[in-house]
Amino acid sequence: MEKTLKKEKFNSLITGLKDQGYKTIAPKKDSNLVMLDEVQSADEIHLDHVQTNNSIKEFFLPKTEKILSYRIEKNKVSMEEPEGFAVKTVVFGSRPCDAASLPIMDKVFNWDCTDKFWVQRREATTIVTIACDKCDNYCFCTSVGLAPDSKEGSDVLLTKVSDDEYLVETVTEKGEKLVESLGTVFTPADNPGTETLNRQVATVENKFEIEKVKPWLDENFVHKVWAEFSTKCIGCGACTFVCPTCHCFDIVDECTMSKGDRVKNWDGCQFKMFTLHTSGHNPRSTQDQRWRQRIMHKFKYYVEKFDSILCVGCGRCSRVCPADMNISEMLEIIATEESQPVNKE
Amino acid sequence: MSEENKFEPKIVAFLCNWCTYAGADLAGTGRKQYQANVRVIKLPCTGGIDPLFLIKAFERGADGILVSGCHPGDCHYNSGNYHARRRWNVFRPLLEFCGINPERIQFSWVSAAEGGKWVETINGVIDSIRALGPFEGYQKINTMGPMVSSESANQ
Amino acid sequence: MIEALRKKAEELLRSKTVDVIYGYGEGSTPERTRPVFITKPEDVNKLTWNKYCVYNLTTYLKRQEARKLGKPAIVVKGCDAKTIIVLIKESQIKREDVYILGVTCNGVGEPQATKCKACDIHTPRIYDELIGEKIENKEISFEERYAEIEEYEKLSEKDKWEFWQKQFAKCIKCYACSSICPLCFCDRCIVDKNQPQWIDPSAHPRGNLSWNVTRAYHLAGRCINCEECQRVCPADIPLNLLNKKLAKETEKNFKYRAGYNIDDELAMATYKEDDNQDFIK
Numbered sequence: 001m002e003k004t005l006k007k008e009k010f011n012s013l014i015t016g017l018k019d020q021g022y023k024t025i026a027p028k029k030d031s032n033l034v035m036l037d038e039v040q041s042a043d044e045i046h047l048d049h050v051q052t053n054n055s056i057k058e059f060f061l062p063k064t065e066k067i068l069s070y071r072i073e074k075n076k077v078s079m080e081e082p083e084g085f086a087v088k089t090v091v092f093g094s095r096p097c098d099a100a101s102l103p104i105m106d107k108v109f110n111w112d113c114t115d116k117f118w119v120q121r122r123e124a125t126t127i128v129t130i131a132c133d134k135c136d137n138y139c140f141c142t143s144v145g146l147a148p149d150s151k152e153g154s155d156v157l158l159t160k161v162s163d164d165e166y167l168v169e170t171v172t173e174k175g176e177k178l179v180e181s182l183g184t185v186f187t188p189a190d191n192p193g194t195e196t197l198n199r200q201v202a203t204v205e206n207k208f209e210i211e212k213v214k215p216w217l218d219e220n221f222v223h224k225v226w227a228e229f230s231t232k233c234i235g236c237g238a239c240t241f242v243c244p245t246c247h248c249f250d251i252v253d254e255c256t257m258s259k260g261d262r263v264k265n266w267d268g269c270q271f272k273m274f275t276l277h278t279s280g281h282n283p284r285s286t287q288d289q290r291w292r293q294r295i296m297h298k299f300k301y302y303v304e305k306f307d308s309i310l311c312v313g314c315g316r317c318s319r320v321c322p323a324d325m326n327i328s329e330m331l332e333i334i335a336t337e338e339s340q341p342v343n344k345e
Numbered sequence: 346m347s348e349e350n351k352f353e354p355k356i357v358a359f360l361c362n363w364c365t366y367a368g369a370d371l372a373g374t375g376r377k378q379y380q381a382n383v384r385v386i387k388l389p390c391t392g393g394i395d396p397l398f399l400i401k402a403f404e405r406g407a408d409g410i411l412v413s414g415c416h417p418g419d420c421h422y423n424s425g426n427y428h429a430r431r432r433w434n435v436f437r438p439l440l441e442f443c444g445i446n447p448e449r450i451q452f453s454w455v456s457a458a459e460g461g462k463w464v465e466t467i468n469g470v471i472d473s474i475r476a477l478g479p480f481e482g483y484q485k486i487n488t489m490g491p492m493v494s495s496e497s498a499n500q
Numbered sequence: 501m502i503e504a505l506r507k508k509a510e511e512l513l514r515s516k517t518v519d520v521i522y523g524y525g526e527g528s529t530p531e532r533t534r535p536v537f538i539t540k541p542e543d544v545n546k547l548t549w550n551k552y553c554v555y556n557l558t559t560y561l562k563r564q565e566a567r568k569l570g571k572p573a574i575v576v577k578g579c580d581a582k583t584i585i586v587l588i589k590e591s592q593i594k595r596e597d598v599y600i601l602g603v604t605c606n607g608v609g610e611p612q613a614t615k616c617k618a619c620d621i622h623t624p625r626i627y628d629e630l631i632g633e634k635i636e637n638k639e640i641s642f643e644e645r646y647a648e649i650e651e652y653e654k655l656s657e658k659d660k661w662e663f664w665q666k667q668f669a670k671c672i673k674c675y676a677c678s679s680i681c682p683l684c685f686c687d688r689c690i691v692d693k694n695q696p697q698w699i700d701p702s703a704h705p706r707g708n709l710s711w712n713v714t715r716a717y718h719l720a721g722r723c724i725n726c727e728e729c730q731r732v733c734p735a736d737i738p739l740n741l742l743n744k745k746l747a748k749e750t751e752k753n754f755k756y757r758a759g760y761n762i763d764d765e766l767a768m769a770t771y772k773e774d775d776n777q778d779f780i781k
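Residue numbers (the working numbering), protein chains in the order written: chain Z, 1 to 345; chain V, 346 to 500; chain R, 501 to 781.
Bound conformation, chain Z alone:
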């Protein structure tokens, strides 16, 4: 039985979630930004945007997080591990690209060791995605095998069918349970059969042939295009921090003489310090090497290791780049560039 969600029911949706003890994350207007953030009422939800400025990852991998506390006593060290970090949550209104990033990252967080912070939060969270009804020049999900209405990673997918109505498709069991538990918030669709509904989905232009990217990367670790493209890079971490699939982190101790917290923070491969050795040697001493690393990791190394591209085409990195480095432009170059290794050292 097809169901729809009417905009007027948003209120009962949020209240319903609250009653069931869910924390609700949704897009919220914050001066010039639209941020995924906790909402208390439906009035706060903002849906008239292409993309939220922050990605969904911070609800699974926060920008900063205490992973243990310790205290040094006379002859021993006592430690305390965090508990209760996985809170029952619904992410409402994230984009399909954001949702698609989650199963991709599941692979690395369940790989050589299980990252309990990621895994438990994933279990506790239900993703209700809204398909994109608009896009901009920076979007390129269709070029990386996704679409503005992809279901990957979502538990429920909503697609706009009129100004005040969304078609509801449950994707997983978790999603089904959530929809069921909310009962009358959802209305049975007037017309049986989804084909009669006018699904409003954006058309995202296909910018490059992804099949050509990896073979080129396999051949061109050394190539002049890396430096040519990245001279303008200023070496900040904005691209990696807004990226829903960049997941590097650093661990630091914040401590006094006798006690401290061990903290996990986002880190990024575009920083000069990221690979600096204690000896002073830096294997990625120039920005073109760091830029190459970002592309290689996303489109070659991750593919080899986990059989997934580490990119969902959300375009955030290009929107936010202080120097207008555009990743899809780089990939277009790669997909069309002749394989011309230069100065192979």
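Check before you lean on any hint, since a few could be wrong.
Claimed, not checked - One side of the interface only, derived from the structure: several residues of chain R facing chain Z at Cβ under 10 Å:
| no. | residue |
| --- | --- |
| 1 | P541 |
| 2 | N545 |
| 3 | K568 |
| 4 | G570 |
| 5 | F642 |
| 6 | K670 |
| 7 | F685 |
| 8 | C689 |
| 9 | P701 |
| 10 | R706 |
| 11 | A735 |
| 12 | A769 |
Stated by the list, open to error - Covered stretches of chain R, as calculated for chain V (at least 3 residues, CB under 8 Å):
| no. | stretch |
| --- | --- |
| 13 | 571-583 |
| 14 | 618-627 |
| 15 | 743-749 |
These aren't lab readings, by the way, just hints derived from the structure by calculation. From the three backbone atoms N, C-alpha and C, an ideal C-beta is built for every residue, glycine too.
Based on these hints, arrange chains V and R on the given structure of chain Z.
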């Protein structure tokens, strides 16, 4: 508030080795009494005080700070205190702009001979901070919260 | 103006006066430009000039990747040119290290950048070649120049604290603010020094306060108000308010404005015996 719960401020004093520190010492040898709320950190010169020292003191729980050095013209290194004065002239308004009461960071010139002025100054600082109360704003951001998720710690 | 710029650029490259032009080129969208590095005379048509040329290209003087390309000619607006004066004063570059292609400017950005609203430097104060019709640099009063921060100065202590805590909470510690800043040129930033760790690298309220305050403070008497930190902040923190506050205090106390006069002594590297000390007991 009952007597035992009365708020006693924690004050950190960054003192120049050549004058204020000696001045405080003189107060001690002269058996002059002053309030015990102050923790003194001795430094070679006020010119060597990075404003980060002051931020760090707040991070470690100070309710108020005193920075004190040689009178203008008396610097052991000729000009350290002049440079320091320039920095404070801009650093103090910056903190005030961020919502930190300028009373929480005070400055003075106290020479090695001014044991009396030291007592008067430090008592004044302690009294004014006691009146302001604990630096709750900073104390709140000082901790990452109890051992639960960062999300619920924020609430 | 674009033609004159391209012609001059071509001439400079052909005559080998410079090896590279740091200029503006077309960006991802019509509302954006991007930095371009032109090394061949035949590529000068990639240079452009329009109201979207907001970047301060002098930041590439600190980037080894750009410096590798050789002696640069840099396209600079009046505001950007001030950076070069500060860099020379701070011994980061020599005057002869750069060829300054000054452009006259009536404001950039759409909507117009805040920095342009009280601009008194439409024509650069330092250049080797001026492109565009000279525009008179009108005097702007002290009050008008710092009008932007007044409403924040007027807030109560509590409101100020809350306002900035809310702003700093958004910080993700990507360091775009310091990476873009042409005057943040330390090889190793204080935040990257960890023995001892003066500034917590974590993006929690404590680390965010000490980072943002320190970043601003390290630009006291140096910031030339190009507003790049604020433009690039992905978290939309109004960082330039802090810079402006410091510039105001520097001017008020020391009668100094960074980048205006190459003969002025750097405010924070000098002192006067009669500097203000009203606040010192």
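Worksheet item: What are the numbers of the hints the structure violates, in ascending order?
Response: Violated hints (numbers, rising): 1, 2, 4, 5, 7, 12, 13 and 14; every other hint is consistent with the structure.
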